[in-house]
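Spelled out from the first residue to the last, the chains are:
Number of protein chains: 2
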Amino acid sequence: MKNKFTFEIVSNQGRARAGILNTPHGPLLTPLFAPVGTQAAVKATTAAQLKELGASLILANTYHLYLRPGDELVAEMGGLHAFMNWDGPILTDSGGYQVFSLADSRRIDEEGVTFKSHIDGSLHRLTPEKVISIEENLGADIIMAFDECASPYDRDYNERAMKRTHAWAERCLRAKTRRDQALFGIVQGGVFPDLRRESATFISSLNFEGHAIGGLSVGETKAEMHAMLEVVDEVLPTQKPRYLMGVGTPQDLINGVLRGVDIFDCVLPTRLARHHAAMTRTGRLNLMNAGFARDPNPIDDQCACYTCRQFSRAYLRHLIVAREILAGTLLSIHNLFTLVNLAKEIRQAISVGIFDQFAADYLSRLEDPENNDGAGLSREAD
Amino acid sequence: MKNKFTFEIVSNQGRARAGILNTPHGPLLTPLFAPVGTQAAVKATTAAQLKELGASLILANTYHLYLRPGDELVAEMGGLHAFMNWDGPILTDSGGYQVFSLADSRRIDEEGVTFKSHIDGSLHRLTPEKVISIEENLGADIIMAFDECASPYDRDYNERAMKRTHAWAERCLRAKTRRDQALFGIVQGGVFPDLRRESATFISSLNFEGHAIGGLSVGETKAEMHAMLEVVDEVLPTQKPRYLMGVGTPQDLINGVLRGVDIFDCVLPTRLARHHAAMTRTGRLNLMNAGFARDPNPIDDQCACYTCRQFSRAYLRHLIVAREILAGTLLSIHNLFTLVNLAKEIRQAISVGIFDQFAADYLSRLEDPENNDGAGLSREAD
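So the sequences go chain by chain: A and B. Every letter in the first sequence is one number past the one before it in the numbering used here, and letter 197, counting from 1, is 197. So the number in the numbering used here is just where the residue sits in the second sequence, counting from 1, plus 382.
A couple of the hints might just be wrong.
What the hints assert, rightly or not - Just so you have them, the derived chain A footprint on chain B, three or more residues with Cβ under 8 angstroms:
#1 536-546
#2 703-714
Stated by the list, open to error - Computed far set for chain A versus chain B, every beta-carbon distance over 12 angstroms:
#3 15
#4 26
#5 74
#6 151
#7 280
#8 281
#9 353
#10 365
If you are wondering where the hints come from, they were derived from the structure by calculation, not from laboratory data. Cβ coordinates follow ideal geometry from the N, Cα and C atoms, glycine included.
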């Protein structure tokens, strides 16, 4: 239904859910993986290529677009959908993570954050009200409340940042004026179960249309991330969608869905592509490797993406060695397809009640699941 | 007809011709513009995008592919068509131009050229026989004889280079073993009408399947280039295809066809794209220009390319300013479409007998045809 958000869970298996999230720009089938278009462009790929590889939801970064080209310019050009030519659903983050990881000279107070642009050093101030105004100008279907993302192991800082995130969440809800955007609140709390529980309880007590889990994949271990997801999963209401921010290796998707997550995003597939690495169902391949120079096989002979249907490892290696831009495009298409398609396979497995087995098989096929995780790369803007 | 080269002129208007060149990988409708895939990749575009924008013939560079990844590797991978996934016709140049413009420490003798690779300084020697062997390994449909490209105004050097090119042309014909490749001889002679006449006479006396015109768009004026085309046009037999090497602005296509040329190639469209410039039917636009920041129009509202159908100047400028790789891809698609499609429009105009008027209208629409020519950019490998 146009202009109306609904979320319906169509099947369950354990904590894993297959759902439909309706948005003004069409339905989203969950679980799903959203490619990241930091600056209103998924790096090295066209909208047509994203459609062809099966992407449904695209993420864009509020912090970057506020600084350049500016949210008012985007609004003047008809909003993000028209500007970047994506007629499907779009999600914008809150800019919180970028302010705390990218900007210079941050000064945080209860009202908001003052910082210098990483692009030109210009001075800016973001408050919850300002962030909602920016996200309303950008016009994504799903928008995020402004949050403060703390270093995962610093308990005092996490307590303060969580309280600020809660106060800002209430202000974001009050500031919102558009009815055609779904606002999600963000759960924080670092690696501390009691803080995560408190945050999930508070955020879900407010009237958000969905819940995001922030402050993970920022340096903690996989075991800690999984423990936090389990704590949060117990508290969050099942009938609202859950979005695990900035997380996206194949094993993360499996482990997230096992713990009740519906939506994932990550820069990893496009970033790895620019570093010559292909994500496959059995681990990563560095295609720069001389061993691929005369390899006539595709990256993955079971993969149905454009790159694997048409090009050999030998050709991809040649493009990398010859520094052809096309290497980044072809690897991005493959890596994005791997995650987008994995989410679809997970959905299918849940629907027919075989997800537990699917998950066990998938994780066991990965040669080295704990080392292939891309921690540290995952939450940053691409 | 598979495995057979034929060239048929289906209509004429003055010196302009509309033809069909049959190759083992399908028919080519001439006049045509061939995108350049220097290293077996047209920069920043996929084969699927090239098909969609209407490209028929793709050029690849013998010098570059010989050095990297090596012609033997390409042969082992099934030849260029399989390697780069282009199932249409491919043309390879002879490497001559690159040896004389890119390589280090050249030493030319009557037998061939010894030079150092511009990539790693390694020592190499190309002779006519070696070049044919490389081009047979690469396996393009249309291949070029090894030639020496001289500085256009040096008469003595042009005389010597022309004689060497003629001797090498005969040796290339003798060295050729594959029957599924068409070998073209190259006319040289700088800006000197008598040398051009002599070269065209000699080259066309041999048994080539087509004729290329080399050593133009290398620093001479447009008037000189046109004069040389007219001299050569008088001598070359009309029933064989003519290829003007490395030339490709919109006005060059018009002026070349007016002087009997059938095939063009140039790196200009993809190179300009990486420098933020769009080729349009009325001249060039630098999309970095601040005036485009809030411009909701496409590059050219009469253009049917993917970029113009889907994206605004404002968005393209944003991608350029934000240094997104996608800018290069979208501008390459537009610029390549502009030339590929112009050649199709020229063919249509010849077929219905209105090419003279079409040419006059087109040239008068260009704001500054003589300054917008990209001379000096045009012959280099991309």
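Next on the checklist: Please check whether the beta-carbon of residue 74 of chain A is more than 12 angstroms away from every beta-carbon in chain B.
Outcome noted: Its Cβ does come within 12 angstroms of chain B, the nearest being 9 angstroms, so this is violated.
Next on the checklist: Using Cβ atoms and 12 angstroms as the threshold, tell me whether residue 15 of chain A really stays out of contact range of chain B.
Outcome noted: Answer for residue 15 of chain A: holds, closest chain B Cβ roughly 38 angstroms.
Next on the checklist: Count the residues of the stretch 703-714 of chain B whose Cβ falls closer than 8 angstroms to any Cβ of chain A, and tell me whether that reaches three.
Outcome noted: holds (count 8)
Item to check | chain B versus residue 151 of chain A - minimum CB to CB distance exceeding 12 angstroms, so not interface | outcome: It holds; residue 151 of chain A is separated from chain B by about 29 angstroms at its closest Cβ, greater than 12 angstroms.
Item to check | Coverage of the stretch 536-546 of chain B by chain A (three or more Cβ within 8 angstroms) | outcome: Since 0 is below three, the answer is violated.
Checklist entry - Regarding the assertion that residue 26 of chain A does not contact chain B, is the least Cβ-Cβ distance greater than 12 angstroms? => result 18 angstroms, holds
Checklist entry - Closest CB-CB distance from residue 353 of chain A to chain B, is it above 12 angstroms? => result 38 angstroms, holds
Item to check | Assertion that residue 365 of chain A lies outside the chain B interface [Cβ separation over 12 angstroms] | outcome: The claim holds: residue 365 of chain A sits with its nearest Cβ about 28 angstroms from chain B, beyond 12 angstroms.
Item to check | Beyond 12 angstroms from each Cβ of chain B, as asserted for residue 280 of chain A | outcome: 20 angstroms, holds
Next on the checklist: A cut-off of 12 angstroms on Cβ-Cβ distance, and residue 281 of chain A was said to be off the interface with chain B. Does that hold?
Outcome noted: 23 angstroms, holds
Hints 1, 5 from the earlier list are contradicted by this structure; the remaining hints agree with it.
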